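Participant: Heads up: the sequence shown runs through residues 35 to 301, numbered per our numbering.
Hint data in this document are derived by calculation from the structure and do not stem from the laboratory.
Since we're looking at a predicted model, the values are computed, not measured.
It is possible that some hints are incorrect.
[Said to hold, decoys possible] Computed Cβ-Cβ distance ranges for the label pairs, DEER-style:
1) 58 <-> 285: 30 to 36 Å
2) 250 <-> 289: 19 to 25 Å
3) 285 <-> 128: 20 to 26 Å
4) 250 <-> 188: 42 to 48 Å
5) 137 <-> 247: 34 to 40 Å
6) 137 <-> 161: 36 to 42 Å
7) 137 <-> 201: 38 to 44 Å
8) 43 <-> 237: 29 to 35 Å
9) 171 <-> 139: 43 to 49 Å
10) 167 <-> 128: 38 to 44 Å
11) 159 <-> 201: 14 to 20 Å
12) 54 <-> 128: 27 to 33 Å
13) 124 <-> 282: 50 to 56 Å
Ideal Cβ placement from N, Cα and C applies to all residues, glycine included.
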Amino acid sequence: MSPRASTLDSLRSRAEDLLSRAYVPFSETPTAAVLLLDDGRWIPGVRVESASYSLTIPALLNAYTTAVALERSASIAAFVLSRSFRREEALYVEDLPQGPFEPCADDAWVQGAGGGGSLPSMKARHPPSLDASIGEAKEGIQAVRRVAQRAHVPASGYPVGALFDIQDTLCVPGVNVEHPDWARILCAERNALGTVQSYALPTPHRLYLTCRDDPDATPCGACRQLLAELAPEATLWMDRHSAPHERSSVSALLPGSFRGQALLDVS
């Protein structure tokens with residue numbers, strides 16, 4: 035077996051292992067993705083469903099947006115899925131700015147025209163968090179402002195940053211990541227939520243959000259819905275730079291949120 039084929043098989047095995055992390059209470063059909071970096075480290079992504087079905091985060095998009103938030107998107111060497119790529123997933127990868135990516139199998143796309151290059155051997159998982167510990171809220175605000183600089187916003191020029199504080203020692207970043215297909219854009223809050231799920235991390239207890247340029251910024255409806263489903267008890271700190279930061283809660287953002295219990299009862 036060639037080194038390239040061996041790496042792809044290792045990625046496939048890892049994707050299968052990740053299926054149990056997918057959050058799929060409605061479809062009960064898990065999907066996982068593994069993104070390989072050029073240094074051999076890898077980033078996971080799993081399908082994260084929502085009671086509002088259209089807000090579901092696909093595994094491939096989850097892995098890629100995590101790479102952007104971790105500042106590793108320029109180092110992508112390959113994507114592997116736990117099943118064959120669908121057309122919409124292939125189109126998503128084709129339009130990524132780090133390309134060109136080309137298919138080398140039904141379930142794998144690799145960096146480089148023709149898809150015939152070598153791949154690094156698979157090594158350890160890339161860590162999901164910043165090397166930081168947050169004590170007071172002002173430290174979280176300062177940290178999330180730095181995270182927002184990682185946003186990929188070529189169309190809107192509207193960077194947003196999120197930082198999820200987990201057990202005071204684990205800080206998971208998220209940024210808004212735009213795509214030529216606007217239906218595939220992911221906001222900072224959902225980016226971080228997807229990373230938490232993919233890495234099987236505990237539910238965050240503090241969330242820091244920042245928007246550099248908008249004094250009236252607030253989480254959009256889609257992010258409020260996902261936060262209500264996946265982090266309902268979290269405390270939220272919102273920063274608008276020129277105004278004092280505000281403390282709120284996820285439950286206050288979306289009172290009476292839709293949980294889809296009747297849908298679960300049917301399934």
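Participant: Take the hints in turn and mark each one as holding or not.
Facilitator: Verification of the supplied hints:
1. 58 <-> 285: 30 to 36 Å: Violated - the Cβ-Cβ distance for residue 58 and residue 285, about 24 Å, lies outside 30 to 36 Å.
2. 250 <-> 289: 19 to 25 Å: The hinted range 19 to 25 Å holds for residue 250 and residue 289, with Cβ atoms some 20 Å apart.
3. 285 <-> 128: 20 to 26 Å: 40 Å, violated
4. 250 <-> 188: 42 to 48 Å: Distance hint for residue 250, residue 188 is violated at roughly 23 Å.
5. 137 <-> 247: 34 to 40 Å: 39 Å, holds
6. 137 <-> 161: 36 to 42 Å: 29 Å, violated
7. 137 <-> 201: 38 to 44 Å: 40 Å, holds
8. 43 <-> 237: 29 to 35 Å: 34 Å Cβ-Cβ, so the 29 to 35 Å window holds.
9. 171 <-> 139: 43 to 49 Å: 48 Å, holds
10. 167 <-> 128: 38 to 44 Å: This hint holds: roughly 40 Å between Cβ atoms.
11. 159 <-> 201: 14 to 20 Å: Taking Cβ atoms as reference, residue 159 and residue 201 lie about 19 Å apart, which means the hint holds.
12. 54 <-> 128: 27 to 33 Å: 30 Å, holds
13. 124 <-> 282: 50 to 56 Å: This hint is violated: roughly 40 Å between Cβ atoms.
In this structure, the hints that do not hold are numbers 1, 3, 4, 6 and 13, in rising order.
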